[in-house]
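Trainee: Residue numbers (our numbering), protein chains in the order written: chain A, 10 to 529; chain B, 10 to 529.
No lab work stands behind these hints, which were simulated from the structure alone. Only a predicted model underlies this, so the values are computations on that prediction, with no experimental measurement involved. Warning: the hint list may mix true and false statements.
Identical copies go unnamed one by one, so any copy, or any two together, can satisfy a pair.
[Said to hold, decoys possible] In silico BS3-like pairs for lysine-lysine, Cα to Cα no more than 25 Å straight-line:
#	residue 1	residue 2
1	K482	K51
2	K65	K51
3	K452	K32
4	K295	K359
5	K35	K452
6	K35	K424
7	K107	K442
8	K222	K437
9	K158	K442
10	K174	K158
11	K424	K51
12	K442	K460
13	K117	K65
14	K482	K437
2 protein chains.
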Amino acid sequence: MIADIEGLYSTSSHAIRDPEFFKDCKGIKIFPRVEAVGINRKERKLNIRYLDDDRKEEMAYDKLVIATGATPFRPPIPGADLPRVFTVSNLHSAQDIKEILAKGQAAKAVVIGAGAIGIEMAEALTDLWGVETTIIEMADQVLPAALGKHVSKIAENQLEENGVKVILSERVLRINGHPKSGVTSVETSVDSPEGVLDCDLVVMSAGVRPNTKFAAEAGLAVGSSGALLVDRCMRTTDPHIYAGGDCVELRNLVSGENMTMPLGSLANRQGRIIANNIHGRASQFKGTVGTFCIKVFDMGIATAGLTATQAKANGFDPIHAIVAQHDRAHFYPDSQMMFITLIADAKTRKILGIEAVGHQGDAIKARVDAIAPLFQTGLDVDDVCVLETGYAPPYASAMDIINNAGNVLDNILEKRNIPIDVMDFLKKFKAKKIRVLDVREEKEAIPLIEKYNDSWICIPHPELRTRLNEVPKDEPLCLLCGTGARSYECQIMLAQNGFTNTKNLQGGAAMLGAAAPEFT
Amino acid sequence: MIADIEGLYSTSSHAIRDPEFFKDCKGIKIFPRVEAVGINRKERKLNIRYLDDDRKEEMAYDKLVIATGATPFRPPIPGADLPRVFTVSNLHSAQDIKEILAKGQAAKAVVIGAGAIGIEMAEALTDLWGVETTIIEMADQVLPAALGKHVSKIAENQLEENGVKVILSERVLRINGHPKSGVTSVETSVDSPEGVLDCDLVVMSAGVRPNTKFAAEAGLAVGSSGALLVDRCMRTTDPHIYAGGDCVELRNLVSGENMTMPLGSLANRQGRIIANNIHGRASQFKGTVGTFCIKVFDMGIATAGLTATQAKANGFDPIHAIVAQHDRAHFYPDSQMMFITLIADAKTRKILGIEAVGHQGDAIKARVDAIAPLFQTGLDVDDVCVLETGYAPPYASAMDIINNAGNVLDNILEKRNIPIDVMDFLKKFKAKKIRVLDVREEKEAIPLIEKYNDSWICIPHPELRTRLNEVPKDEPLCLLCGTGARSYECQIMLAQNGFTNTKNLQGGAAMLGAAAPEFT
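One chain only, chain A, in its complex shape (with noise of 0.2 Å):
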């Protein structure tokens, strides 16, 4: 997207940021080309090597701040080390893979891992170079630290319909190719023609690790991360050394237990902290959320919090709530649909994760970060009922969506709502295991009809209180709508009526047809 690689390393005042500019502007000396390779920690000495001449120093220190960053984990495929696969981490790498592909030398890419990194990659591999590519992802779903399955799959399918390859559930065992002209093709364990893929270059999206050898060498605690460990002041376990940024470890603040958290925002803001530390002023960074937001194509992810997953790893009892909804007044002529999973504990009812999707991603990115920095609160399911957020027609409903999955999670919560899960539904769905009632006007329902025959039934939701004799009542039913919200009130009226076999489709028509698009 940035045309200029120069733009991504100038000030907003376009000043390029080499250490003439911290010499001049900001005070600072640099020294480019010299590797710490050692602390002195007794007399407080920094061992330093000046790359170019192998000259060793020492430097003398009051305070020593470490912000050493992480380095790309390049796993160790038969392989990996060949030309053309590449990690990326820094305007060095970006260079080099934007010089292969400005020369027009890479048709088709293999992406290990879809993770953020992957993701983006694949991205600006496919749209704006136009090269054929292949996500490889372990995992059965793609960003699978950050999202759950029902948002994940959004996500997947917006990256096939932009012509990203994904697959998932799947590992490379070996990357083929020549020592001097580089990768040629990629191999899994699919043990066919199919498991070979053909391409011209690799990247590698296998997450990082923290640049702490020297600093572990000198006896600063390290968590099982490998990333320093530090104190609310971003202090390590010597007072006079201070680190933070991608070399830290972090208190999760949901779940109590620290992690990584590898983004430049976190290091931006903790920079300060040690700043005030250092001259004498208490200031405290107290952990993260693990707000997270991406791009995807003209898709918004944003998710903080815990998945379900991790809230069930870290002993929580999780349920959740996904809700479908526009991302402003519905009749605004630019209002699109967006999907919410809220997350939330069953027995304390404390939110625990949220997760965001749409198609405008400033409007998904201000759901998320409305209610992330509250989770440290302590923030239950009624506080995001009643959450205050601005709101005037051009860019929230009344009654928003952050509010409606508040709402129906407590529903869920109550028990008034039995929901269905799409995932889950489509497998039952599929084995003909359950039927639908759809409660939306009859012309919509006429496509499903059609192809699905008598699995798929249409009560319209005005008419259903007078058809009920039509409604099966010994099967399991789902009940379907445009986005979950007449179903459920069908749902509660056909209870009052002993009909107790039905299920909610959590986010209706609109989240099957965006996480199964033959369902549209």
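With the hints as your guide, set chain B onto chain A.
Mentor: Leaving out everything else, chain B in the frame of chain A:
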């Protein structure tokens, strides 16, 4: 914007919300054209009157919910009852105005009051119908209840740039016209031909009054606004009677005082709270932080909490930062400048209010929504500095504007940043009481140096350390850069070198140009 008026009273699934709809879909009986005229609280009976035949009846209740809303206030100006003098609060008045416009019967309009309704009507009249529109406002700014003077100046300029004439600090003395054909002109207190504005349509936007007469007569307590007093369960002073929406007072969670906040969003959330309580489930609505947003042509404005004026009136000691920054990574193609005013109490450092304005409305609202719900948790400046919102370059800067608003306010509170506001600067600069030291690149300063001669000096930031001898020492000096960040660094460096005569222009050239376009 909405072509078909039915869209405004239809559900998102295109069902028209008429009495039939409520009966069939919700099981609710609607009595249209029936007025509530009194309450027999002792016997729990509502006195009603059928408007069509003046028949009176009693209606028994177990629980009563008052949701009578509010009516626009029609100031007692001579001529206020002339034809074509409108207030706007429902579809009927919208319909009536639209009919006049569609027939081409209005060429010039006057809007009385620059509140939300007045501004939205001015936009519709100008933008959609090409009507020459003037807004007259008694206060010295637009949106006086929602904004401080800096963001309101940007809104005022936005109106003017889009063809709406704005007259401030002025009142309407009389509306002239004919009892049959309607309004012909509006007279202000300006005693000259310019004081009389020809027009064929007047829209009064002077706030609303709650519809609580019958309830107050029944002995239910009302506040100073005339709206009903309710507890957190939305119960009036009669435990069998609930109330919600525009006819109740709410607690302002920042000031602690009662206020009215007539917004459909709050009414909707209250509806569910009332229903929960009626059904025996404790459920609370604690109040409002006054979150508000509005679209003004292609600009979005959002605000929450108290303005500086309101904060002072409530006994606080408000101090504010004004920050200009891009709404996403500055290098991202569609990034746009946004402005935030962040207000805190100088003694406690607690956040009292926020105002944001810019051209991508979802992004504007996102910043306010991210901190407004935290006001009631005692959010302070330090919390804002590390507030965790989602980061990816298409949606935010690594150090987001919201964090920088906290940082700047912290710098001001710590007296490292000695600021001057743009409106104060303009007054002093025009009176030649302050000169500008522009620390941007020379090419950016040249047009202003040419215009203002030796009142405008330029020493670029990277050269300032070595050109200190050129900095005037014994006179007030306003430091200016693009957004206020570099000039702040210069201010610190100058102070370290004995130059303590400087003020830092809040929001820099971006804010100056937005408030006073002649400086761009």
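Trainee: Against this structure, judge whether each hint is valid.
Mentor: We went through each hint and held it up to the structure:
{"no.": "1", "hint": "K482 to K51", "verdict": "neither (78 Å within a copy, 46 Å between copies)"}
{"no.": "2", "hint": "K65 to K51", "verdict": "within (19 Å within a copy, 92 Å between copies)"}
{"no.": "3", "hint": "K452 to K32", "verdict": "between (69 Å within a copy, 22 Å between copies)"}
{"no.": "4", "hint": "K295 to K359", "verdict": "both (19 Å within a copy, 18 Å between copies)"}
{"no.": "5", "hint": "K35 to K452", "verdict": "between (66 Å within a copy, 22 Å between copies)"}
{"no.": "6", "hint": "K35 to K424", "verdict": "between (60 Å within a copy, 19 Å between copies)"}
{"no.": "7", "hint": "K107 to K442", "verdict": "neither (51 Å within a copy, 54 Å between copies)"}
{"no.": "8", "hint": "K222 to K437", "verdict": "neither (51 Å within a copy, 57 Å between copies)"}
{"no.": "9", "hint": "K158 to K442", "verdict": "within (21 Å within a copy, 64 Å between copies)"}
{"no.": "10", "hint": "K174 to K158", "verdict": "within (18 Å within a copy, 53 Å between copies)"}
{"no.": "11", "hint": "K424 to K51", "verdict": "neither (62 Å within a copy, 37 Å between copies)"}
{"no.": "12", "hint": "K442 to K460", "verdict": "within (17 Å within a copy, 79 Å between copies)"}
{"no.": "13", "hint": "K117 to K65", "verdict": "neither (45 Å within a copy, 80 Å between copies)"}
{"no.": "14", "hint": "K482 to K437", "verdict": "within (18 Å within a copy, 80 Å between copies)"}
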